[in-house]
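Protein chains in written order, with the working numbering: chain A, 31 to 342; chain B, 6 to 635.
There may be inaccurate statements among the hints.
Below, a sample of chain A positions facing chain B; criterion: calculated Cβ distance under 7 Å [stated by the list, open to error]:
1) 114
2) 157
3) 183
4) 193
5) 333
6) 337
Calculated from the structure, these hints are not laboratory results. For glycine and all other residues, C-beta sits at the position ideal for the given N, C-alpha and C.
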Amino acid sequence: MASTLSMILYFIIFPGLVFTAVAGLMTTWVDRKVSALVQWRVGPPWYQPFADILKLMGKEIVIPEGAKRTGFLVAPLAGLAAVALVSTMLWLASMRGTGFVGDLIGVIYLLTIPSLGMIIGASASGNPLASIGASREMKLILAYELPFVIAIFTAVTKVSPMTLKLDGILEYQAVNGVLLGNLSCIIAFVVAILCAQAKLTYPPFDIPEAETELMDGTHMEYSGPALAVVKVTQAMMLFTLPVFFITIFWGGLQLTGWGILYTIVKYVIIVTIIVLIKNTNPRVRIDQAVRFFWGPVTVLAVIGMILAVLGL
Amino acid sequence: MSPILIPIVVPAIAGGLCFLIPRRVKYVREAISLIALVWAFVSTLQLFGSWPLAYTKDWMVLGNFTVQFDLLLNHFSSFVIIFVGLFGLLIGLYSMSWLSKEHDGRRYYAFLLWTVAASCGAVLSNSLLVMLIFWEALTAILVFFIVLGRKKDEAADGAAKSFIMLGLSDAALFIAIAMIWMKSGTLSMSELSIFAGDGATITMYLLMMVGAITKAGAMPFHTWIPAAAKGAPTPVMALLPASIDKLLGIYLLARISLDIFSIGPGLQLTLMTIGAVTILGAVLMALIQHDLKVLLSYHAVSQVGYMVLGIGTGIPVGIAGGIFHMLNHAIYKACLFLSAGSIEKQTGTTEISKLGGLARAMPITFAACAIAAFAISGIPPFNGFVSKWMVYSGLVELGARGFKPYWIFLIAALFGSALTLASFVKVLYSGFLGQRPTALAKVRESNWAMTVPMIVLAALCVVFGVWAKFPLDKFINPIVHGAVATGAGGSLDIEVGFWDPTVATGLIVIGIIIGFGVFAFGKLAKRRAGRIFIGGTVPSANMDPMHVTGTGFYNTIKNETRLRGLFANAEQRVFDVYEVGGRVGNVFVQGLRSLHDGVLSTYLAWSVIGLGAIVFVLLTALLRELASRQ
Numbered sequence: 031m032a033s034t035l036s037m038i039l040y041f042i043i044f045p046g047l048v049f050t051a052v053a054g055l056m057t058t059w060v061d062r063k064v065s066a067l068v069q070w071r072v073g074p075p076w077y078q079p080f081a082d083i084l085k086l087m088g089k090e091i092v093i094p095e096g097a098k099r100t101g102f103l104v105a106p107l108a109g110l111a112a113v114a115l116v117s118t119m120l121w122l123a124s125m126r127g128t129g130f131v132g133d134l135i136g137v138i139y140l141l142t143i144p145s146l147g148m149i150i151g152a153s154a155s156g157n158p159l160a161s162i163g164a165s166r167e168m169k170l171i172l173a174y175e176l177p178f179v180i181a182i183f184t185a186v187t188k189v190s191p192m193t194l195k196l197d198g199i200l201e202y203q204a205v206n207g208v209l210l211g212n213l214s215c216i217i218a219f220v221v222a223i224l225c226a227q228a229k230l231t232y233p234p235f236d237i238p239e240a241e242t243e244l245m246d247g248t249h250m251e252y253s254g255p256a257l258a259v260v261k262v263t264q265a266m267m268l269f270t271l272p273v274f275f276i277t278i279f280w281g282g283l284q285l286t287g288w289g290i291l292y293t294i295v296k297y298v299i300i301v302t303i304i305v306l307i308k309n310t311n312p313r314v315r316i317d318q319a320v321r322f323f324w325g326p327v328t329v330l331a332v333i334g335m336i337l338a339v340l341g342l
Numbered sequence: 006m007s008p009i010l011i012p013i014v015v016p017a018i019a020g021g022l023c024f025l026i027p028r029r030v031k032y033v034r035e036a037i038s039l040i041a042l043v044w045a046f047v048s049t050l051q052l053f054g055s056w057p058l059a060y061t062k063d064w065m066v067l068g069n070f071t072v073q074f075d076l077l078l079n080h081f082s083s084f085v086i087i088f089v090g091l092f093g094l095l096i097g098l099y100s101m102s103w104l105s106k107e108h109d110g111r112r113y114y115a116f117l118l119w120t121v122a123a124s125c126g127a128v129l130s131n132s133l134l135v136m137l138i139f140w141e142a143l144t145a146i147l148v149f150f151i152v153l154g155r156k157k158d159e160a161a162d163g164a165a166k167s168f169i170m171l172g173l174s175d176a177a178l179f180i181a182i183a184m185i186w187m188k189s190g191t192l193s194m195s196e197l198s199i200f201a202g203d204g205a206t207i208t209m210y211l212l213m214m215v216g217a218i219t220k221a222g223a224m225p226f227h228t229w230i231p232a233a234a235k236g237a238p239t240p241v242m243a244l245l246p247a248s249i250d251k252l253l254g255i256y257l258l259a260r261i262s263l264d265i266f267s268i269g270p271g272l273q274l275t276l277m278t279i280g281a282v283t284i285l286g287a288v289l290m291a292l293i294q295h296d297l298k299v300l301l302s303y304h305a306v307s308q309v310g311y312m313v314l315g316i317g318t319g320i321p322v323g324i325a326g327g328i329f330h331m332l333n334h335a336i337y338k339a340c341l342f343l344s345a346g347s348i349e350k351q352t353g354t355t356e357i358s359k360l361g362g363l364a365r366a367m368p369i370t371f372a373a374c375a376i377a378a379f380a381i382s383g384i385p386p387f388n389g390f391v392s393k394w395m396v397y398s399g400l401v402e403l404g405a406r407g408f409k410p411y412w413i414f415l416i417a418a419l420f421g422s423a424l425t426l427a428s429f430v431k432v433l434y435s436g437f438l439g440q441r442p443t444a445l446a447k448v449r450e451s452n453w454a455m456t457v458p459m460i461v462l463a464a465l466c467v468v469f470g471v472w473a474k475f476p477l478d479k480f481i482n483p484i485v486h487g488a489v490a491t492g493a494g495g496s497l498d499i500e501v502g503f504w505d506p507t508v509a510t511g512l513i514v515i516g517i518i519i520g521f522g523v524f525a526f527g528k529l530a531k532r533r534a535g536r537i538f539i540g541g542t543v544p545s546a547n548m549d550p551m552h553v554t555g556t557g558f559y560n561t562i563k564n565e566t567r568l569r570g571l572f573a574n575a576e577q578r579v580f581d582v583y584e585v586g587g588r589v590g591n592v593f594v595q596g597l598r599s600l601h602d603g604v605l606s607t608y609l610a611w612s613v614i615g616l617g618a619i620v621f622v623l624l625t626a627l628l629r630e631l632a633s634r635q
């Protein structure tokens, strides 16, 4: 009973839902501040993301006529719960050194649920522009999933004995040094960051949302608390993906002494790379994105994998 | 009567009765079928746990060769017949409402019952020859079944193609069985143990494998399934290619790969390659289909890849994953075909472009279809995820043991899973979400006889996913020893991985409840309905012009430069063994045709030559016999 309660608390408070949401919203502030600096603006104060969410919470929910209400409201919630679960799995692997809930494959599959939730929610709204967004989001998943899984399994190939368990990967790195020390894993890391950009639907891959042509596409019909859930889920993804990469490529999270600072530095470096790519690239078309991910990025990922198989 | 005979004899007799009852008599046929199917299902449940149970009887005596009618109940066959019985029962119930007056109920129920009988017979038989007889009977029944479809031309085409492909694969099986008898002198599956090391034994294994995977529908022998889907009645697709054929094909593949033969790395690699190619090739074809039934049938091919891949790894967890995937696939694919049948019944079409927005009108069909679609795409925590996860773990373990190219198969399987998800997003969107065309304004939910089977199957998808420990401990682990250690609670622990579906589901549900709390806190009560926003244009009452069909969902993928050639070739049927075989055969036929010149003396000359050849063969045999006696 105590363990059930502690599991639920892990999931809800720390390092799950609440913690991930707060950390994610703080990260979106970093994102907005860095973007502002790039564009020679001052940028918002640190509490701006929280104020935005609070404002949305106070508004009414407008549900489009002819929408499939349950699907429309539940789909984003499934995404929220899935990211919170992934975050809990990753943090507990670093904190306790044992597996929680699942392994790497569980993480990869759970990380697609937020996108899937958005697709189902957008389709359920009945809005034609949102359905175009949904179709693009799915094609984007297809595009990045191929290099993404190759990149992740490059790390698995380097670990010996090969394992899918997160704690096993961390143990190997604690003994043999971080995986980023290998050429193959550096390549895989670059590929993974590029895929993260698409997973977050950040420019240049904000194709499903495409503000200027689809008017936020998949998010279009969401309003009030439902929109708040969508935004918080995105923020949590922005927090969770760098943590995921740190776990499998960069030795995991150290949470004692100077390790805390080191962890924060690693985290900020990855987030800054993502934000800089976001701010310096214009949006591409969906067919260009598919060609980009299935072409050069996949080739790069395969090269990394072959190097890993050769032992580099 | 021995209890092992009940699941074979009861449906067979009931089928005969259904066939004899005149067409005009109502309800009696349905009642007989339902009673027989319930009886058969209950008897399979009672048989579970009572192995080993054998039934042997001398059947035919041909000189010194005795064909024994040899049945044996073991763990594997016992769990397979339970599900054969379950699918028979559910689809029997479903058909009572689905069949309309245009269908020939007399033959339909007879075939349905005979299918169950023959499938149970094929699974239970311990003699390869008895199995072959039941196996051939199933091929014949399937062909007659497809012909019952309402679109006569397409049904006839599909039936012909299925008959030729399945018939040839049955012939391969027959040759293999003859070779096994020549070599070992026995046909009893429990006694056979052959090491597939030299040319002859590898040929036997490959021939049997062709028989098994054609039934299951793996590439390159898959094309009969989409062809059958075009014409066959939808419940028939749910019964045979989607579920029972998978159970039988993979059952045979597992038996020959694990029990009858011991196979080496070369054959394992063959199996794994067939698996990986099947996963990717078929799912790419599924992505661009416009008809719900054909789309589903390509997935019925694609998923076989995971089973073959899992069994091909030769790692216990991979084999267990392959067998578990067979079971899971039968459940969710039957559910998907039944949902498609429900849509077909209510709207009169399965054309994706004509459907849309049915979720509100048909909530149960939508829920069942969505659960099955997520299960087939491997979304945790449904059952498809668990078995796919086991197959992946088997591949990683193979890699850990030094098989370096493991990652190619792993990536193919993982990427195939993403493509499956894409294809089912298209199904859910174009069938149930989006705008409803005005032509479908009056559509209603199907009645209970059709919804109950769908609910049962969807519930099984959830139960076998969330409490995966139960089916694994009960059915799979005893077949493949030590595949998955099931730990405390519902967790599954294997050497390379770990998954705890019960906790994962619990936490996700808690997360969703909290989210609802957030909605409630944020004035869900104050929600209001508004018109959709389309860039400022005021939507009119008639939304048909705004209907975005799912047909073009993946045109970007179809037109991708590197795939365009592949798709064009596939649409020309370059990869269809049936078509290619037909073309090659045609060359021979054209050659023979030139011999037919219509002149009587030529024909007589050929006859005399033929007669001479026969006499020559007979005479040499006779002379050799005489020589050996002296």
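To see whether the hints hold, each was checked on the structure:
no.: 1; hint: 114; in the structure: 5 Å, holds
no.: 2; hint: 157; in the structure: 4 Å, holds
no.: 3; hint: 183; in the structure: 6 Å, holds
no.: 4; hint: 193; in the structure: 5 Å, holds
no.: 5; hint: 333; in the structure: 13 Å, violated
no.: 6; hint: 337; in the structure: 12 Å, violated
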